[in-house]
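Student: These protein sequence lines are chains R and A, in that order.
Count along the first sequence starting at 1, add 249, and that's the number in our numbering.
Count along the second sequence starting at 1, add 249, and that's the number in our numbering.
You may find that some hints are simply not true.
Identical copies carry no separate label here, and so any pair may be met within one copy or between two of them.
When the alpha-carbon atoms are kept at most 30 Å apart in a straight line, the in silico BS3-like pairs for lysine-lysine are as follows [unchecked claim]:
no., residue 1, residue 2
1, 563, 471
2, 450, 426
3, 471, 426
4, 534, 434
5, 563, 534
Calculated directly from the structure, the hints in this document are not laboratory data.
Number of protein chains: 2
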Amino acid sequence: MRHPLLVPDLRELIRDGEVAGLRDFIAEYHPGRVAELIEDLETDDGDALFRILPTQGRAEVLSYLESERQSRLVESMPPKDAADLLHLMSHDERADLVNRLGEDTIDPVLPYLAQAERDDIRRLASYEPGTAASVMTTDYVTLPARITVREALERIRREAPDRETIYYSYVVDQDRKLIGFVSLKRLILSRRSATVEEIMKRDVIRARADEDQESAARQIDKYDLIAIPVVDASDMLVGIITHDDAMDILRQEQTADMLAFGGVTSGAESAQETYWQGRVVQAVKRRIGWLLFLFLAGFLTKHVSHFFRGVQLKLPDLMDFVPLMIGTGGNAGSQTVGTIIRAMALGEISHADGVRVILREWLTGFLLGVSLGAIGFVYIWIIHGSWAFAAVIGLATLFICMWANIVGALVPFLARQYGIDPAVVSAPLISTMVDATGLVIFYSVAIVILIKLSG
Amino acid sequence: MRHPLLVPDLRELIRDGEVAGLRDFIAEYHPGRVAELIEDLETDDGDALFRILPTQGRAEVLSYLESERQSRLVESMPPKDAADLLHLMSHDERADLVNRLGEDTIDPVLPYLAQAERDDIRRLASYEPGTAASVMTTDYVTLPARITVREALERIRREAPDRETIYYSYVVDQDRKLIGFVSLKRLILSRRSATVEEIMKRDVIRARADEDQESAARQIDKYDLIAIPVVDASDMLVGIITHDDAMDILRQEQTADMLAFGGVTSGAESAQETYWQGRVVQAVKRRIGWLLFLFLAGFLTKHVSHFFRGVQLKLPDLMDFVPLMIGTGGNAGSQTVGTIIRAMALGEISHADGVRVILREWLTGFLLGVSLGAIGFVYIWIIHGSWAFAAVIGLATLFICMWANIVGALVPFLARQYGIDPAVVSAPLISTMVDATGLVIFYSVAIVILIKLSG
């Protein structure tokens, strides 16, 4: 419960049917908080609180509720009320909600909506998921170029109640081509008799409708925008994406990168799916691809290991260190690839930095390997009593750390070179790559020191 | 080069000294794009373009330039010009810039600034890094409760040129206590004779100055705000954090989670440091802790392996499968922990879901293990010719996948239970935990099937 102090008072007001008091009370709250209160209350009380809200309030609160609750609340309304609610909702939220509702619910509601609204819902729902168009909304302000600032402000004021944002207005020509942009701040600061054309910015940062939603969101982030306009192939304005939706997109995409880093295939749909939404079979489907590939690749270690059967039987103690050696390689490699993918995601390293990055990671691996190797050397010398054996562990650790760091740095660059998103380079992939090669390093060092030098 | 078509034209205008033409041209562009053009041009031309800008334009463009370039440009200005620039910059950017400049540069500039501005810079620079206060700005609009909407709009218009945002205004009492909030949209839609008090929202979502910057940014994200007010311990308004800064914070924090997942310790400072800023020694420091811990923990596998010396010598072929078995466990565990940490970061699973999550992951592990195990069984039967040996690999794969999935799901919950950020639970940690236990599972299955049953 997020509001333990408020909930008991609210419950009492609801059960006493104090509608006026409740409305006054709730009016002070952000719609997101009202949604939390509704979810904190017992279901019946929460539903009652929602029904008490004025239609405008309902429209604002609804989008903050969990999606199943949204559907249930709308399903239980008379069709006319549901239509009034949809009419007041922001256009993107409305299209999402209608998509989730069954035909039984929505068919009686549609006749109460204007034709333009029905078309808008259909159009917004029709865009390919993952594109900029699929996350845009259509309730924005457009201005013609020739009107004055006074007229523009009047128009904005008139349209404000139905607009997702009024802080940016987009200037379009008679074909709805996007030709300029003006912020409300600029309008307020301009002479009232100036024309929009005189004060607008002509270089409008925009997204293409079929562009990846992430790249549109990144523009909002990069240029600190409140919204970005979305245009079609002929530069006609078709919608806007607002900063809050951009934040949601980036959050989803970045946490999807974490899935990928763990070795789970993340498509556009899995990025949007919550943990509970998908069924177990879908989770298995997203995981089995990489896991099977790495399992089959892992059979290589069997052959490498078999190749060194002679040294294993001669020095069976060596075998006991295999998990430690390849594990350390995997760990160092995971650290490196995490570091590199992050720096790539933040745009801190580009393709041209490849050689510098690899040298830097090699040096890091060298320093890490020297530290771990020295500790391993001392430990083994003490418990094993053989300096030669200790030297094998120490040196193999050093070489494996350097090698793992180089692999961890190189593979994301190679991925990008071949047009693969470096975010698919996962910790398991690097670990598996380092397993077989780590075995070769380990046994080779052992052969040189324990057999060639000592014997 | 991000603007290959514009740069040659610009270069020509700059070299011909076409100041008026350049100003007109540049005026159409977003300051972020002007900064890109400056960085795309040769250094001298870029510097010249910056100097041509009106002071307001310079103040806007500066914050989009790389920080070294910012410092160099300000250092080369006469102190009076630098002061004019600082005067027009947003307050948080200004404080950051002054912090980066040497005393030699800033001391001659300070006398040109008003006392209030000097105090503001000092105060903003004094907050603990990582707190909400350290990322806030002080150029926001406050309103008294008793004035009318008409007066409020007039005041906002007057103050707009110096304000980071005018879209949200904060209502304070005579002690500067935060008592309300009103959006410009609401002001525009209200009766001009109403008072601010009548239309403001009293439940203001706010951040505490000493709160973690990430939690403040998350509120902006959650409630779709353009800005969040920051208050001190006595609820006095001390600043605001805007949506664009919140986006930067969340981007930094989320990519820091990726570092942590790779097994790199990420403190507040490393989250803000770029890949190139820290020296190699610092990268080593952030990595050696986990790597050494896991290295020492990995010695456990040596003892486990040694414990099974008898079965190893009896069936040396088993040893060849050790890297594959523990590698598969590590991979499955990494996938699970990536999935769980992401779902926790998105708030999709809470503590109460522990048992459900572990059951779900166990089932996922079972299905993955059955698939991989079956493939392993067939493969080994074909190449090895022994169904018993194939059964060991198949069954061990199944048990290890189930076990790794349980460990990968359980550990983040345990971490959270003990007040540890689950994001520190890394792929390398889970891999290492599964290594020793995976060995036990593998050799135990081998003993039961190959020795107890067959012999």
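Student: Now tell me if each hint is right for this structure.
Tutor: The hints, checked one at a time:
1. 563 - 471: neither (61 Å within a copy, 63 Å between copies)
2. 450 - 426: Within. Shortest intra-copy distance 14 Å satisfies the 30 Å Cα cut-off; inter-copy 38 Å does not.
3. 471 - 426: within (24 Å within a copy, 34 Å between copies)
4. 534 - 434: Neither, since 50 Å and 47 Å both go past 30 Å.
5. 563 - 534: neither (44 Å within a copy, 39 Å between copies)
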